[in-house]
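Taking our numbering, the leading residue of the sequence shown gets 729, the next gets one more, and so forth.
Just so you know, not all the hints are guaranteed correct.
Simulated restraints, written as ranges between beta carbons of each label pair [what the hints assert, rightly or not]: (1) M729 x Y790: 28 to 34 Å; (2) R788 x Q731: 16 to 22 Å; (3) M729 x G784: 16 to 22 Å; (4) A771 x A730: 16 to 22 Å; (5) D758 x S737: 21 to 27 Å.
Note that these hints are calculated values from the structure, not bench results.
Glycine is no exception: its CB is placed at the ideal position from the N, C-alpha and C atoms.
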Amino acid sequence: MAQYLSEDSDILRMPEGATLDGGDVVFFDDRYLIGLSTRTNQAGADFLGPAGEVGGFRLRTY
């Protein structure tokens, strides 16, 4: 799937051990709120931070 998506988009790969579940991420105003859970760890949240900042959004982890 990454092969086909990369034709139109940049593909970012999370580091080994990082987990991030979309259900733990909420977009609110100009920021992403990320809940840490059994499906999302700090490494996954840290990965999303710089990617979101490129788009002008801020990140807050709870």
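Now the hints, each set against the structure:
1. M729 x Y790: 28 to 34 Å: For M729 and Y790 the Cβ distance comes to about 30 Å; the hint holds.
2. R788 x Q731: 16 to 22 Å: With Cβ atoms ~34 Å apart, the hint is violated.
3. M729 x G784: 16 to 22 Å: violated, 28 Å
4. A771 x A730: 16 to 22 Å: holds, 20 Å
5. D758 x S737: 21 to 27 Å: Given a distance of about 22 Å, which is inside 21 to 27 Å, the answer is holds.
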